[in-house]
Structures are given as C-alpha cells and as structure tokens.
Amino acid sequence: MKIWTEDTTAILLAFVIIALALAAFLAAPFKEVNDSLASFETTSAFSLDDWQDANSSGNAFTAFLSDTVNQARPGRWALNPAAAFSLSFLVSGGIFLVSLSLLFAVAAKLMQRNMAEFLKGFVFIFGVSVLAYLLANQAEFRSMGLGYALWAILLGLVISNIFGIPDFIRPALQPELYIKTGLVLLGAEVLFGKILAIGLPGIFVAWIVTPIVLISTFWFGQKVLRIGSKTLNITISADMSVCGVSAAIATAAACRASKEELTTAVGLSMIFTSIMMVALPAFINAVGMPEVLGGAWIGGTVDATGAVVAAGAFLGDTALNVAATIKMIQNILIGVLAFGVAAYWTTKVDASTDRSIGAGEIWRRFPKFVLGFLGVSILFSLLYEMLNPNTAIVLVENGVLDFTSGMRGWLFCLAFASIGLSANFRELKAQFHGGKPLILYICGQSLNLCLTLLMAWIMFYKVFPNITNSL
Amino acid sequence: MKRKLLNLFLILASAVLLQQGIAFSHLRFSMLGDYSRVVKNNDIDPSALFYMESTLALAAEKSVREKLK
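Those sequence lines, one after another, are chains A and B. In terms of this note's numbering, the first sequence is residues 1 to 471. In terms of this note's numbering, the second sequence is residues 1 to 69.
It should be emphasised that the hints constitute simulated quantities derived from the structure, not laboratory data. It is possible that some hints are incorrect.
[Stated by the list, open to error] Mimicking DSS-like on lysine-lysine, the simulated pairs with C-alpha atoms at most 25 Å apart in a straight line are:
id: 1; chain 1: A; residue 1: Lys429; chain 2: B; residue 2: Lys4
id: 2; chain 1: A; residue 1: Lys462; chain 2: B; residue 2: Lys4
id: 3; chain 1: A; residue 1: Lys109; chain 2: A; residue 2: Lys230
id: 4; chain 1: A; residue 1: Lys230; chain 2: B; residue 2: Lys67
[Unchecked claim] Chain A regions said to be covered by chain B (calculated; three or more residues, Cβ under 8 Å):
id: 5; stretch: 137-146
id: 6; stretch: 194-206
id: 7; stretch: 439-448
id: 8; stretch: 456-465
Built from N, CA and C at the ideal position, the CB exists for glycine as well.
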C-alpha cells in the first residue's frame with residue numbers, strides 16, 4: 001500500500017511548517033516573556049499593546065518567519081501597480097519562493113513524482129498567485145472584498161482558456177495537495193476555547209442555528225431542487241451557512257467535490273458577500289435595529305470574516321465587536337463540519353452503493369487529512385488554554401499563528417490558481433445548469449437570515465438581557 | 001494569435017472597467033461612499049477569510065471578553 005498519498009503528504013508538510021513555527025516558539029525566551037508579562041500585569045496602567053511595542057513580541061525568529069511570509073505578497077496600490085513592489089517584497093518573495101519550492105519538491109519526491117518537472121511548474125503557479133495577491137490589494141477591489149481566491153481562479157481560467165497551459169506546468173497542478181496542507185494548518189487557528197467568548201448567546205446563534213440551516217439547505221437541495229450532485233449541494237450549503245470560502249474549501253476536500261464545484265461555491269459566496277456586507281448594515285440602520293442585535297445578525301449570516309468586520313464597523317463599535325465575535329465562534333465550527341462531512345460521506349454516501357462495506361474499507365476511504373486537521377486543532381487549543389491569557393496572545397496568536405495563517409493563505413492561493421489553470425469555462429458553465437446552485441444559495445441564505453435574527457433576538461433580548469447590557 | 005490578443009485586451013479592459021465602476025459607485029451612491037470610508041479609516045480587509053487574518057476581529061473578541069468579565 002502506498003504510504004505517501006496526497007493526504008499523508010499534506011499532513012507531513014503541515015507538521016513540518018508547524019514544527020518550524022513551534023521551534024521558534026520554544027526558542028523564544030518563554031519564561032522571560034511570561035515573567036515580564038506577569039510583572040507588567042500587576043501595574044494598573046498595563047496594556048498588552050504597549051508591552052508588545054516595547055518587547056517586539058518577544059521573539060525575533062517568529063517575527064522573521066511572519067515577515068517573510070507576509071511581505072512576500074505585493075503591497076497595496078490604487079492606480080499604479082508598480083507601487084505594490086518594494087525591495088522587501090523582492091527579498092522576502094525570493095526567500096519564500098525558494099523555501100516553499102524546496103518543501104513541495106520534497107513532497108513531490110515522496111509522492112513518486114519528478115522533482116525537477118514539479119519545480120518548473122511550481123514557479124509558474126507561484127507567479128500566478130503573486131498576480132492574484134496584486135489584484136486583491138488594489139484599493140477598490142480590496143474595499144469590495146474581492147480577495148485573492150477570486151483573482152487566482154480568474155487568472156488561472158483566463159490563462160488556461162485563452163492561451164492554453166504548457167505541459168511543463170501540469171506536474172505542479174496539485175490543488176488538492178495545496179488545499180489539504182492549508183487545511184491542516186488551518187486547524188491551528190481553530191481554537192475551541194474561543195467558543196465561549198460571548199457566553200451562551202454566541203453558542204446558540206453560531207452553533208445551533210448554523211447546523212440547522214446547513215442540514216435544511218442540503219435537504220432542500222436534494223429533495224426539492226433535486227440537484228444532481230450531492231457534493232455540489234453540501235459545498236454550497238456549508239459555504240453559505242458556516243463561513244464562506246474557508247468552509248467551502250474544508251467541505252469540498254472532506255467530500256471530494258470536484259474543482260468546478262468548489263469554484264461555483266466560492267464564486268457564489270464572494271458575489272453575495274460583497275452585496276450583503278453593504279446591504280445588511282444599510283437595512284439595519286434604516287429600520288433602527290439595536291447594535292447588539294444587528295451585530296449578531298451580521299456575524300451569523302455574512303459569509304467572510306473580513307466582510308463581517310466591515311459591515312459591523314459600519315454600524316458602530318458595539319456591533320463590530322458582537323459581529324466579529326459571533327463570526328469567530330462560527331469559524332471554529334469548521335472543525336466539526338470537516339469531520340462530520342467526511343464521516344457522513346464515508347459511511348453513508350460512498351457506502352450506499354456497496355452494502356457490504358466494512359470498517360477497514362471505511363478507514364481506507366476516510367480522508368486522513370481531516371484527522372491531521374483535528375489533531376492540530378486539539379493541540380493548539382490545549383496549548384492556548386494552558387498558557388496565561390496574555391502569554392497565549394503574545395506567543396501563540398501573534399507569534400506562531402501569524403506565521404501559519406500567512407502560510408495557509410499562500411497555500412489556498414496556490415490551490416485556487418491551480419484550480420483555475422486546470423478548469424475550463426464549459427465545465428464551469430455546466431454547474432449552473434437550470435440556475436439551481438443560485439436558487440439553493442438564495443433560499444438557504446433567506447432561511448439563515450430569518451433564523452439567525454430570531455435566535456439573536458431571543459438570546460440577547462429575552463433570555464440573556466444582562467449580557468446585552470454589559471456589551 | 002490575433003483572437004487571443006483581442007480576448008486578453010477585453011479581459012484587461014473588463015478589470016479596469018470593474019475598478020472604475022467601483023470607484024464611481026463609491027462617489028455616486030452615498031451609502032457605498034460611507035461604507036468605503038469606514039473600511040479605509042479602520043484599515044479593514046473585507047476579503048479576510050478567517051478571524052486570525054483580521055486584527056479587528058481579534059481585538060473585538062478581547063473587547064467582548066473584557067466587558068463580560
């Protein structure tokens with residue numbers, strides 16, 4: 001049996017990246033950071049931001065890792081794209097390209113593919129990803145939430161469908177490897193302790209309504225709309241009800257949806273997020289809805305975290321705080337979602353054609369990267385909870401996770417560029433046959449809007465008004 | 001080749017048109033203009049996929065926890 005499959009290689013790559021980040025964490029003067037924070041915390045004028053400014057987050061190596069990953073992206077620009085390219089971009093971009101190429105070349109070797117051929121194609125895909133980040137950082141595109149995922153897919157589609165792709169790129173077109181590695185890294189950001197951030201109302205709005213909407217939308221897609229592909233149905237349902245693109249990626253990988261299905265879900269999510277992040281706060285303002293209720297409504301319904309923050313900020317500070325916290329709690333649900341979808345698909349959907357399926361076969365079919373994702377999530381959740389809260393913020397949140405989330409962003413961008421480069425317009429068009437995905441998204445989102453508003457009102461104004469007053 | 005170049009030109013023109021359309025709508029419609037100012041003044045990235053990518057989201061959680069203490 002082949003040991004180094006896409007899943008096991010993805011887990012290994014993610015663990016190498018996490019080990020690097022944790023080595024930096026362990027090399028940090030942990031005791032000094034802890035003691036320094038403890039002595040500062042006793043002063044009445046203690047501010048974590050001031051402490052971090054004075055102590056440069058406590059670790060030069062972690063800062064170097066994060067800076068290299070983050071500065072490898074072109075900067076922001078408005079009219080002149082050349083303004084996005086600085087000297088630090090060229091240096092960091094060069095170091096990052098070489099490091100990432102070597103890491104994936106080793107992965108290619110493990111998966112018994114030709115390293116040299118892989119490297120040639122990888123450099124091209126990295127170039128497309130840089131262009132995607134360049135477009136995402138244009139002022140107007142950025143303000144409307146048109147992020148790198150959209151541009152990477154579009155650029156890939158344009159290149160492959162207008163010019164065609166040369167053969168040397170094909171060995172590096174490994175969207176699933178990039179996605180699965182990125183998802184295992186995402187596990188580090190799924191910190192289960194955060195679900196209690198706003199108490200029980202947050203859990204009810206984000207963890208009770210969301211699964212109800214997800215299951216109802218999936219049922220609606222199967223029984224009423226009769227969508228031909230179950231994987232397309234669940235990917236759109238998860239992306240609409242949980243947290244947009246990241247949920248779509250996790251679900252699509254867990255149920256092995258096709259790249260065209262993932263592209264359809266991501267496209268729908270980005271279009272509706274751009275509309276909702278402007279329209280929803282405008283409606284809330286127009287009807288004079290209280291900030292806490294409006295914030296909870298936005299947090300539970302608008303797909304992407306960044307769009308939730310923008311929409312909440314439009315209403316005011318309280319709305320922003322509530323909206324972003326509810327969305328964060330919903331983000332954590334992605335761990336349960338990935339495991340639930342993978343388990344359901346392996347035991348029910350895939351097994352439905354073969355009644356004699358045994359435990360061994362279920363294990364063989366189960367997407368192993370989900371276990372890596374959950375393992376990393378549990379490891380980091382425990383680490384985060386064991387540390388003093390301020391030490392956890394300084395060393396884990398602003399240190400290790402700043403690096404891993406930057407890496408994860410790059411991996412998703414490489415994945416979307418690969419998807420665009422290997423998809424074609426005709427297959428993509430076929431996904432929209434009869435407009436069913438669009439109807440599914442609109443109906444599911446309508447249910448989401450109604451149920452979330454009702455639950456937020458009951459929880460924040462009827463059951464826990466004391467929490468609302470404290471906010 | 002001629003057709004490929006024409007297609008490329010059309011795509012580049014569409015991207016410029018989209019950017020100009022967004023800029024124009026920010027000026028023409030007050031609601032979009034206000035929204036754009038909020039995003040710019042708070043340095044928000046509306047395309048952030050996960051809470052760890054947004055410093056404002058992390059700050060919001062801390063603020064909520066502080067208030068509920």
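Right, here's what the structure says about each hint:
With a C-alpha separation of about 21 Å, the suggested pair Lys429(A) and Lys4(B) falls inside the 25 Å cut-off, and the hint holds. A C-alpha spacing of about 62 Å is found between Lys462(A) and Lys4(B), which places the hinted pair above 25 Å, so the restraint is violated. Taken as a hint, the Lys109(A) and Lys230(A) pair is broken in the structure, with Cα atoms around 34 Å apart against an allowance of 25 Å. For a cut-off of 25 Å, the pair hint linking Lys230(A) to Lys67(B) is broken: about 44 Å separates their Cα positions.
With a cut-off of 8 Å between beta carbons, the stretch 137-146 of chain A has 8 residues touching chain B; three or more are needed, and the interface restraint holds. Counting residues of the stretch 194-206 of chain A whose CB lies closer than 8 Å to any CB of chain B gives 4, which reaches the minimum of 3, so the coverage claim holds. Under the rule that three or more residues need a Cβ within less than 8 Å of chain B, the assignment of the stretch 439-448 of chain A is violated, with 0 such residues. Requiring three or more residues with a Cβ within less than 8 Å of a Cβ of chain B, the coverage given for the stretch 456-465 of chain A is violated, as only 0 such residues are present.
Violated hints, in rising order: 2, 3, 4, 7 and 8; the structure is consistent with all others.
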